[in-house]
Amino acid sequence: DGGITQSPKYLFRKEGQNVTLSCEQNLNHDAMYWYRQDPGQGLRLIYYSQIVNDFQKGDIAEGYSVSREKKESFPLTVTSAQKNPTAFYLCASSIDIVFTAFLGNTIYFGEGSWLTVV
Amino acid sequence: AQTVTQSQPEMSVQEAETVTLSCTYDTSESDYYLFWYKQPPSRQMILVIRQEAYKQQNATENRFSVNFQKAAKSFSLKISDSQLGDAAMYFCAYRSMNYGGSQGNLIFGKGTKLSVKP
Numbered sequence: 001d002g003g004i005t006q007s008p009k010y011l012f013r014k015e016g017q018n019v020t021l022s023c024e025q026n027l028n029h030d031a032m033y034w035y036r037q038d039p040g041q042g043l044r045l046i047y048y049s050q051i052v053n054d055f056q057k058g059d060i061a062e063g064y065s066v067s068r069e070k071k072e073s074f075p076l077t078v079t080s081a082q083k084n085p086t087a088f089y090l091c092a093s094s095i096d097i098v099f100t101a102f103l104g105n106t107i108y109f110g111e112g113s114w115l116t117v118v
Numbered sequence: 119a120q121t122v123t124q125s126q127p128e129m130s131v132q133e134a135e136t137v138t139l140s141c142t143y144d145t146s147e148s149d150y151y152l153f154w155y156k157q158p159p160s161r162q163m164i165l166v167i168r169q170e171a172y173k174q175q176n177a178t179e180n181r182f183s184v185n186f187q188k189a190a191k192s193f194s195l196k197i198s199d200s201q202l203g204d205a206a207m208y209f210c211a212y213r214s215m216n217y218g219g220s221q222g223n224l225i226f227g228k229g230t231k232l233s234v235k236p
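Heads up: the sequence lines are chains R and S, in that order. 1 is the number of the first residue of the first sequence in our numbering; add one for each residue after it. 119 is the number of the first residue of the second sequence in our numbering; add one for each residue after it.
It is worth saying that the hints were derived from the structure and are not from the lab. Be aware that one or more of the hints could be misleading.
Listed next, with one range per pair, are the computed distances between beta-carbon atoms [claimed, not checked]:
| no. | chain 1 | residue 1 | chain 2 | residue 2 | range |
| --- | --- | --- | --- | --- | --- |
| 1 | S | P159 | R | K83 | 26 to 34 Å |
| 2 | R | D59 | S | P159 | 21 to 29 Å |
| 3 | S | M129 | R | G63 | 31 to 39 Å |
| 4 | R | V52 | S | I164 | 35 to 43 Å |
| 5 | S | G203 | R | D38 | 20 to 28 Å |
Because the structure is a prediction, the values reported are computed rather than measured. For each residue, glycine too, the CB sits at the ideal point set by N, CA and C.
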């Protein structure tokens with residue numbers, strides 16, 4: 001079935017460690033996104049990518065890094081510079097950012113990953 | 119910058135009855151999309167309904183309908199014949215039609231938690 005797969009579902013990180021969250025999609029979408037969700041809050045954009053080997057910072061990119069070496073993959077690294085990384089992280093994709101914006105194409109979401117700092 | 123406000127942190131409805139969730143937004147743009155997303159306990163974001171700002175007709179999807187008041191910048195969601203499976207967080211979201219920077223991004227409200235009583 002087509003969709004977005006995030007792993008792991010739950011991840012624990014020690015202070016000072018970097019961790020990487022995986023996001024894979026088989027929808028043949030060009031655009032991919034990472035969002036962060038905190039309790040009682042909506043989603044906030046961390047990074048987005050329009051195409052392979054290209055990505056842009058969102059509203060809260062500090063302490064995070066991404067790569068887009070393959071169309072189907074958009075991993076997110078939470079670095080030790082992220083002061084408060086405990087949150088729920090959602091990966092999403094859409095056909096194309098331009099058409100998504102102009103035509104209102106749907107943004108599809110994965111099932112999310114919980115990251116807890118211990 | 120655009121903002122989305124959901125003024126009801128929690129709502130409750132009796133099974134089979136109707137409930138309306140409120141959303142207001144602020145923008146200086148004339149062309150945009152509005153969405154309602156549902157987030158059940160599984161945490162996956164599911165698109166419920168969308169509205170194009172240039173359309174005067176309110177969108178409907180089965181038991182879900184919206185009341186879109188462009189001048190008032192209001193976008194409420196009505197759920198008819200509520201079912202136990204409707205219990206979830208509901209997020210209102212805005213997206214510009216103008217692509218540029220992260221303009222294709224979704225801007226979310228903080229959500230309304232809907233409980234359905236049997």
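Task: Broken hints, by number - done: Hint 4 is the one this structure does not satisfy, whereas the remaining hints hold.
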